[in-house]
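Protein chains in written order, with my numbering: chain P, 9 to 342; chain R, 753 to 1253; chain S, 70 to 355.
The hints are simulated quantities; they were obtained by calculation from the structure and are not laboratory data.
Backbone N, C-alpha and C define an ideal beta-carbon position, used for all residues, glycine too.
Heads up, some of the hints might be wrong.
To be verified - Listed next, with one range per pair, are the computed distances between beta-carbon atoms:
1. S/Ala-204 <-> P/Thr-62: 32 to 38 Å
2. S/Val-171 <-> R/His-892: 39 to 45 Å
3. R/Ser-1178 <-> S/Gly-205: 19 to 25 Å
4. R/His-892 <-> S/Asn-108: 52 to 58 Å
5. S/Val-171 <-> R/Ala-897: 31 to 37 Å
6. P/Gly-106 <-> S/Ile-355: 41 to 47 Å
7. S/Ile-355 <-> R/Ser-1178: 35 to 41 Å
8. S/Gly-205 <-> P/Asn-221: 17 to 23 Å
9. R/Gln-1138 <-> P/Arg-284: 52 to 58 Å
10. P/Glu-303 <-> R/Pro-1116: 47 to 53 Å
11. R/Ala-1096 <-> S/Gly-205: 33 to 39 Å
Stated by the list, open to error - To be clear about the criterion: a stretch of chain R counts as covered by chain S if any three or more of its residues have a C-beta under 8 Å from a C-beta of chain S, and this derived list gives those stretches:
12. 943-955
13. 987-996
14. 1196-1206
15. 1213-1225
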Amino acid sequence: MTGTQIVPGERAIALLGGEANDANLRRYLHGIPGVDAVGLEQRAAGLGTRSIKTTSKAWALDRIIGLIDLTTLEGADTPGKVRSLVAKAVTPDPADPGCPRVAAVCVYGDMVGHAVQALGSAHGDPDQGKIAVAAVATAFPSGRASRSIKLEDTADAVAAGADEIDMVIDRGAFLAGRYGQVYDEIIAVKEACRRADGTSAHLKIILETGELNTYDNVRRASWLGILAGGDFIKTSTGKVAPAATLPVTLLMLEVVRDWHRLSGEKVGVKPAGGIRASKDAIKYLVTVAETVGEEWLTPHLFRFGASSLLNDVLMQRQKMTTGHYAGPDYVTID
Amino acid sequence: MSFLEYAPAPESQAILNLRSEYGLFIDGEFREGHGTPFASISPATEKHIATISTADAADVDAAVAAARRAYDRTWSRMSGADRGKYLFRIARLVQERSRELAVAESLDNGKPIKESRDVDVPLVAAWFFYYAGWADKLDHAGLGANPASLGVAAQVIPWNFPLLMLAWKIAPALAAGNTVVLKPAETTSLTALLFAEIVQQADLPPGVVNIITGAGATGVALVGHDDVNAVAFTGSTPVGRAIAKSVAGTNKKVTLELGGKAANIVFDDAPIDQAIEGIVNGIFFNQGHVCCAGSRLLVQESIHGEVVDRLKARLSTLRLGDPLDKNTDIGAINSSAQLDRIRALSDIGEAEGAERWTAECTIPENGFWFAPTIFTNVSTSHRIAQEEVFGPVLSVLTFRTPAEAIAKANNTPFGLSAGIWSDKGSRILAVADKLRAGVIWANTFNRFDPASPFGGYKESGYGREGGRHGIASYLTSGTPARPAVAAAVTKPKTVTKGATK
Amino acid sequence: MTRLAVPKTYKLYIGGAFPRSESGRTYEIVSAKGAFLANASKASRKDARDAVVAARAAVGGWSGATAYNRAQVLYRVAEILEGRRAQFVAEIVDAEGVSSAVATAQVDTAIDRWVWYAGWADKYAQVAGNANPVAGPYFNISVPEPTGVVAIIAPQDSSLLGLVSAVAPALVSGNTVVVVASETLPLSAISLSEVLATSDVPKGVVNVLTGSPAEIAPWLASHQDVNALDLVGAGALDWVDLQIAAADTLKRVLTPENGPDAAAPSLGRITAFVETKTVWHTKGLI
């Protein structure tokens, strides 16, 4: 899968009517309507009460699997661990050949080569039924490193065969109001995603919403990420609590919807971290469908960043097939 | 397959164990009424649910007499603590039977099960819990020491929140030490009769709660009965007006919770997505059958287009249909008469030149339905901007300045509720100060709580329900605050209200 | 040789001015012993209409004033009245035929009543209002507000105290008033208007009509721009009809009280003419 053909910065200049510096960005981002936390959370809770039955649920479970970025992001990751993860990604349920594959595996940059190798012919565009390799980059998860290190981190992963780069924004700069710096960095990383053949790795922008703290900040950071040319906006690294929540994801989807209304472009959303149960994942699908529309429920516009979610979904699938509740010993660990 | 085509998820009716006929609940027992029985139907299917008795004047007499006996012999002599315990029992029983009550309410009223399940019935239980605690604390209600109960309360409630309105009426009345005769609306008697069973299960002394069913004539007889001491009515302004006239010259203490035409004011700095949700919740909650519904949307002119676009997009995701389906957002209109009224007023709106937009949705073949509808280009002089439609119909008007918003919002004989949407706290408080309405929701709408007083200004009625104010509606003042007065001229006594001519 | 007295022309008090009745009518006021005291203006329905217009126009300013300010203004009425005790005592002795001591007691009680009610202006909301602990993330507060224009039929058997006892509590919260004075004892009402006119009470806040309550009251009871009706002194009228007329616009109504304790001072007289407004606002930290 290749990134969008957006020229970095083009979105912003058109909208801001001027250079994307701190002052112009601040003027724009602070002019966006605010978010009322209570109302947002109530709407999310309301979406969570939608009731899914039988056929819809079977479809939803398979779709969830197809939208998962199966993730391992541990200091203890090894080539063996990554191979195991890839095997799980390719064959989530050995007992059921009809079980769909996940969208991507998500690993640290130094593990990209191992993942690519392990995937072999399964490596490719998830829209074509293949599995992509996503790498976290830019001094993940804190993002506390110099610009050059972050760019090198990104370029390394792309060179190793990463299809997607999950970058973290500089939350420190964002909270200090240096929006221009955050913006410039995203542009630079996007540039670093470019391959020799002119194509680009897909760029996901991790806002780390747990550190941005307020919904107003999340909304502004979402706009900033989109303006700078992100293909996806992503909630969290998974290393900070709270990670993905339904209200935060709803809010980001609302920004994506508004951007689509404004520009006609479709930007993806990836809630990551903390989504462990099928029941919760289904609430996210409902939220996507009712906020931006069902056409967003494809791998290039929506992902779950998760590790344990997959097995819960597999257990639910088994339950639907057998009629009995499944147990964890009947699904494989990676 | 479209994911949004949620498979039907109907709540099972198996939980209901309804009788085919219901009598009147008088003196702790069900008995047949002497009037002509009537059928209660499901507005979503027009199918027969049960046959309900009609109370005639003799039945009203019997019910009031039962309430009087219970008041004199039992309830007024019981300790507040024990009255409270009975109310706590009722609250628990409501919680235990909540699913059954919710299904019955949706079946009988047509409201979506998610509302009866998540809003109406939980609030019913909360109302009894809240007022249960007041029963032995009346000295602290701010009315002076030893405030006294009134006696027998005649209570007439509407069809839009049948069980919830019952709770709003019965809970404070009983906590204050009164006994009640309550008449539910003709089209929605079912849950009141189920409540009568709960009263039996709670072992409430006979006659403390009496439920009589019937149409307007039964209500008139009840409210006009010489032996009632308090009248509480929720419903239309014309009926409220008639009640206010009928009790003139009597000592009956009256609370009236009547119609409304609430303005929902959206400023250009509003949290826009939440405002859209609030507008939707404000007028499409319970099919717009809400006296405090935000039926007049006042949008700052600079964001009118954007708000209307977003609103239309959002309305297109609303799901109209089977009230017992857990995914239904918009249920059935309660009766064919109400549907006729909504249609008539909407046609007038169109004829007056307002622009009509209706969300696309499939209307079921049977039952009473009205798709969510928005009128734009509405002026304050249009009838749809002045009259209560009591249906899922929103009129959109614009304003330019806060002062104009306030003036337009207040330009109505009603004064029940209003909404304000803005990110600017100081403006919200200043606008709230100037709106002539009893309940103001800022950055939210249609919130209810037993601790929060509810009621209107002007022709929206008087008296408050909920909170400390709600208990005062069922008590006389105790020893009032008074100055020490020189004895030469006046020897203060308790103010006697309603002295006869 | 005794000085020839200069008699006062008693007029109405509307919108801060002292007009004659637009109808040009007057009626004779006689003492308890039947002696001529003065000609009082006999207000017409159009005077009542004008008074309501003046009262409505004054609602914004008076209800919008700070409670502290209203308290000071009402206290100021007591101060000015205190300075004119002798005049009121003389007027009451003449009109009611009572002893100077009884008249003095009435005036003193009236003054003290202003003081008592003045003190309530910045307190009643604390007693009648509430912070409500709702089950959700909301700031929720209930505050009492004035209902608007209150029409009052003053107690008919009292020159001053009855009038003050009915008018003062309605003013405390910020209502404005159209009051029909005692038909037979109206002179002190007009003298009180002179006190009000010089006590920082904004024009239109109190409007005083003299004449026939039976003639004027129905127009006030049915007036669409009157929010509340105090029938305290209407016991001798067909007050049930007035209450029925008031129901057309769902006015808040207080029914007649008889005897010397009519309109006895109470917090209830203040809260009878207030509306409780409950404001919800979301509370969100993030």
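Broken hints, by number: 7, 10 and 12
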